[in-house]
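Chemist: Make a model of the complete structure from these sequences and hints.
Residue numbers (this note's numbering), protein chains in the order written: chain A, 5 to 219; chain B, 5 to 219; chain C, 1195 to 1415; chain D, 1195 to 1415.
It cannot be assumed that every hint is accurate.
[Unchecked claim] Cβ-Cβ distance ranges computed for the label pairs, FRET-style: (1) C:K1327 x A:D199: 48 to 58 Å; (2) B:K123 x D:R1267: 54 to 64 Å; (3) B:K123 x D:D1213: 53 to 63 Å; (4) A:N44 x B:G122: 49 to 59 Å; (5) B:R201 x D:G1334: 55 to 65 Å; (6) B:E205 x C:R1282: 30 to 40 Å.
No lab work stands behind these hints: they were computed from the structure. Note that the Cβ used here is the ideal one computed from N, Cα and C, for glycine as well.
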Amino acid sequence: MQAKEIIARRVALELKDGYVVNLGIGLPTLIPNYLPSGINITLQSENGFLGLGPLNGQEPLPNLVNAGGQPCGMVPGGSFFDSAMSFALIRGGHVDATVLGGLQVDRCGNLANWMIPGKMVPGMGGAMDLVTGARHVIIAMEHCTKEGNSKILKQCSLPLTCRSKVHMIVTEMAVFRVDNGLVLEEVGPGVSVEDVRKCTESDFRISTSCRQMAI
Amino acid sequence: MQAKEIIARRVALELKDGYVVNLGIGLPTLIPNYLPSGINITLQSENGFLGLGPLNGQEPLPNLVNAGGQPCGMVPGGSFFDSAMSFALIRGGHVDATVLGGLQVDRCGNLANWMIPGKMVPGMGGAMDLVTGARHVIIAMEHCTKEGNSKILKQCSLPLTCRSKVHMIVTEMAVFRVDNGLVLEEVGPGVSVEDVRKCTESDFRISTSCRQMAI
Amino acid sequence: MSIPQKVVSFKEAEQLFRDGMTIMFGGFMGAGTPAGLVRALLANGANNLTMIGNDTAFPESGVGPLIVNKRVRKLIVSHIGTNPETGRQMLANEIEVQLVPQGTLIEQIRCGGAGLGGVLTPTGVGTIVEEGKTKLTFDGVEYLVERPLRADIAIIKAKKADRIGNLVYERAARNFNPLIALAADLVIAEVDELVETGEIDPDVVITPGALVDKIVLAGRN
Amino acid sequence: MSIPQKVVSFKEAEQLFRDGMTIMFGGFMGAGTPAGLVRALLANGANNLTMIGNDTAFPESGVGPLIVNKRVRKLIVSHIGTNPETGRQMLANEIEVQLVPQGTLIEQIRCGGAGLGGVLTPTGVGTIVEEGKTKLTFDGVEYLVERPLRADIAIIKAKKADRIGNLVYERAARNFNPLIALAADLVIAEVDELVETGEIDPDVVITPGALVDKIVLAGRN
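Modeler: Shown next as structure tokens:
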């Protein structure tokens, strides 16, 4: 299984029936494909709607786009609103979970995912509000950079997206809960705790119930 | 002509074509009857709509009511919105003029119209926002109390609705502009400047163009 | 797949109220107040309520009957002038009334629902409304810092709902309803009409179903 | 009686833009941005613009062409990642870019339009977003005081207008449009369809006509 699929499958298990969920662009958009049967979630899109769905082969509509500007579909019972309402939902705790990518996460639950100074400055978009307001903040990312460096650090070195807002980190190697530092809850398929240690710059505790991901 | 009609007729002349206007309950609601021909205004109702109109013999609808809770009509092109939008319009300067009654007004443009401590405490409703946000604040009231006391004072003694927000006072006896104190611009039908002085506790200047109300 | 069963009877809704709760209500002089839920609150017997909304309407409409029946300990409203019983109880110190400018009150509710810590408003500066509040001055203009309001339960009146709780309102009955839907832990909507999910055009929904927990049908039991 | 003539041609609308103006624009990755008014701005030649909106979309959509053609001196936006030319100009110091969290940006615009002096938001606390801002703490929670934004002109895209300017939007093209309609001295709406006054149900109007000064019909000259 590819890293991305492992991550998407594992995050899908965190989403409870009835959740309102906002998924960041990229990897997180794969998650709905892996929801267990019986689990129904409503997707919120920060450009202003509830009920985001797949295109499912329908003809794209120019004004029906996701937060990445790409054509999407909508499920029955969806609703559209302006950006002030969209972020009232996000900031006000009406979104049960958000799943975002990360450049760096640290053991304090700090996240950096919106800029690399002097190099890549896309902007924070809705990310800072999502991590501030969503009830569960899950960071879904590959464990290491393409160069093989750990993205899970003692302390983020890039400009922060938020301070102490991350609840959970899911990579292809590990699931960490943030609870006064990092707690290793699960390891990925074929991965040992020792493997995780080698690839993780931050220290972490090991949960007494630490186990293999059940995906 | 009765005092109320004089006041309503005179205020009507202040409203310019195209104005968005919010009228307080009571006397101000008479004003639209006296608009000069060619002058079209849009009435804003703080309970959440633009395009308030007279009932004109139509059957009252339970959910089409003015800010006093009384059945009303609506003109073509009206629109309904929630209270946050209603007060965004009011506070944000999107209402060109508001006409409200007053218990007391003073020479600093202070207004008291929402409570008499220990006696009558209806609440300020939307009045404090209206006087703060509307571009022209006109107080329309009888010159004296039923007991014959001046309502135009050196200094309001009742709890204020606002500080220094009143632009104009229209009574059956006088029109005052508030401009570093009160300036008498017009006197009512059959009223002399001396009459106004006798009935007005506050001092005032007399405009060089002071004249009889042309109603 | 599970569709939450949001539609309940008034009897079931009645069980949700408790003594001492803070309840936000929609409505302006009674228009847009859920009369059936007010009756349910009366029937339930809940006491010592804190009520937050625009006004106490008239003795027989809006939340007026709750005042008349002395169920309310504290009111946060902008206007009580049309319900003489509210004024009487206030002057007799039987009820605590906090009078708030209407535009400030709706922003405080919006803040409570939108995760904001407050707004800066020029309304009320130089009046007794400013007492005890933080004041900030920017560019020579004074503002009051007005803090968020939230409630345990919001009771809403809408014209129509679909089964997942998307709501549309009629005419001037909208007023506070869409804002209180954001600012309470539990949101109950009383509606005149219930339609199937998907029957309301997504562009005209005012309150998204995700905010609505329970739906009761006006005129039913 | 006089009905204001709000419907104008793109040529007439073009005359309203000036060098150095601050312009708010609707749209999210181009959806809901008035393409005809962006072309009018290009044709007009106005320069040194300050643009306020969500993002700079792509080089060929949204306000992207204004960036590519170097008409913009300053940007206040939440995202520039999909338009490489914006990033290039920023890193080369050819354009000033103020990046603002999206939820904060829309509240700043709302404050500018609603007569509020600002909002208190927890978003951005502990990040570089807080630099230079007033901070307040209530009940142990830190908030940034975010101040209002306004513009000289707002350019809006709507689906439909009536002759007095009541607007409705389509799907996700609503986004910033209804808020910028409150926050500019002059509001120009580009619409796909124009109907007679009274043809839009007053309950579904999103932007009241009183906020709209000029209307242009998309696809016309």
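Chemist: Now tell me, hint by hint, if it's right for this structure.
Modeler: Structure-based check of each hint:
1. The given range of 48 to 58 Å is respected by K1327 of chain C and D199 of chain A, whose C-beta atoms sit roughly 57 Å from each other.
2. Between K123 of chain B and R1267 of chain D the beta carbon distance is about 59 Å. The supplied range of 54 to 64 Å therefore holds.
3. Our hint of 53 to 63 Å for K123 of chain B and D1213 of chain D holds, since their Cβ atoms are close to 60 Å apart.
4. As the Cβ distance of N44 of chain A to G122 of chain B is approximately 58 Å, the hint placing it in 49 to 59 Å holds.
5. Range check, R201 of chain B to G1334 of chain D: about 59 Å between beta-carbon atoms, so the 55 to 65 Å window is met.
6. Separated by about 32 Å at the C-beta atoms, E205 of chain B and R1282 of chain C satisfy the suggested range of 30 to 40 Å.
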